[in-house]
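Participant: So the chains spell out like this:
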Amino acid sequence: MDNNRPKFLDLRQIRLPLPGLVSILHRVSGALLFLALPLLLWMLQQSLRSHETYSDLAGVLRYPAVKIFLLIILWAFLHHFCAGIRFLAIDADAGVRLGRARASGKWVLAVSLALSLLLGVRLW
Amino acid sequence: MVNRIVTGAHYGLRDWLMQRVSAVVMALYALYICGWLLWNTPSGYAAWTALFSGDVMRSFTLLTLLAVFFHAWVGVRDIVMDYVKPAGVRLVLHVLVILTLMLYAIWSVQILWGI
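These protein sequences, in sequence, are chains A and B.
Heads up, the first sequence is in the numbering used here, so the first residue is 1 and it goes up one at a time.
Heads up, the second sequence is in the numbering used here, so the first residue is 1 and it goes up one at a time.
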């Protein structure tokens, strides 16, 4: 293999095509969700343990900073969910051609952002 | 000759398939919970615990959480393999992630059967 081929790895100058953007965001959102796991499990525990822990949790979730955190996690989940379904479809040989892959990528970005906004407004 | 390394991929279809099977389990569970939340807003503590009090729902929830942990393992392992080159560091990270996810699995059983 030719090891002298030029490398161009300046992240600020690489312009990802849209399906590439969906893909890297799938990775970023997955990493975020993994990091959020202990907090999400803790919230499930508090919500189920007793009346007191349930209302304590409800109180914590009213803080704006906590709501912003939840909104980010919500977006991460929605993006990961939509992009995941797109990848499953591509595995099943649906929408593999570049034109359709671009279109479905746009839908993934748009739908997950729109749902995040919608649910975010409702939860606020 | 294929050069197999401990901290590399498993060179097989197994993880690829598990990633997809676990994804489908999680998607079904997410849709079910979203549907429940749409029908039952605003739900109080009683309705929320009633949802998780049946053995079927507890098992479905635990199955989904185990799917999450398996899915997270494959995903995090892929990320580590892509960005962490030294084999020692990679091995330590892999072991830490596996242990963490196993502890989460034990914790999940405690949460669901401790109501």
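FYI, nobody ran anything at the bench for these hints, they're computed from the structure.
Misleading hints may appear alongside valid ones.
Label pairs and their in silico Cβ distance ranges [what the hints assert, rightly or not]:
1) Leu-37(B) with Ala-114(A): 25 to 35 angstroms
2) Ser-53(B) with Leu-9(A): 28 to 38 angstroms
3) Arg-20(B) with Leu-113(A): 35 to 45 angstroms
Sample of chain B residues lacking proximity to chain A, with all beta carbon distances greater than 12 angstroms (derived) [as the list claims (entries may be wrong)]:
4) Arg-20
5) Gly-35
6) Asp-55
7) Phe-60
8) Ile-79
9) Pro-86
10) Leu-91
11) Val-95
Where a beta carbon is used, it is the ideal one built from N, C-alpha and C, also for glycine.
Participant: Now tell me if each hint is right for this structure.
Facilitator: Evaluated hints:
1. Leu-37(B) with Ala-114(A): 25 to 35 angstroms: Given a distance of about 18 angstroms, which is not inside 25 to 35 angstroms, the answer is violated.
2. Ser-53(B) with Leu-9(A): 28 to 38 angstroms: For Ser-53(B) and Leu-9(A) the Cβ distance comes to about 54 angstroms; the hint is violated.
3. Arg-20(B) with Leu-113(A): 35 to 45 angstroms: With Cβ atoms ~25 angstroms apart, the hint is violated.
4. Arg-20: Nearest chain A Cβ is 6 angstroms from Arg-20(B), so the label is violated.
5. Gly-35: Holds, because the least Cβ-Cβ distance between Gly-35(B) and chain A comes to about 14 angstroms, which exceeds 12 angstroms.
6. Asp-55: Label holds. Min Cβ-Cβ 15 angstroms, cutoff 12 angstroms.
7. Phe-60: 14 angstroms, holds
8. Ile-79: 6 angstroms, violated
9. Pro-86: 19 angstroms, holds
10. Leu-91: 19 angstroms, holds
11. Val-95: 16 angstroms, holds
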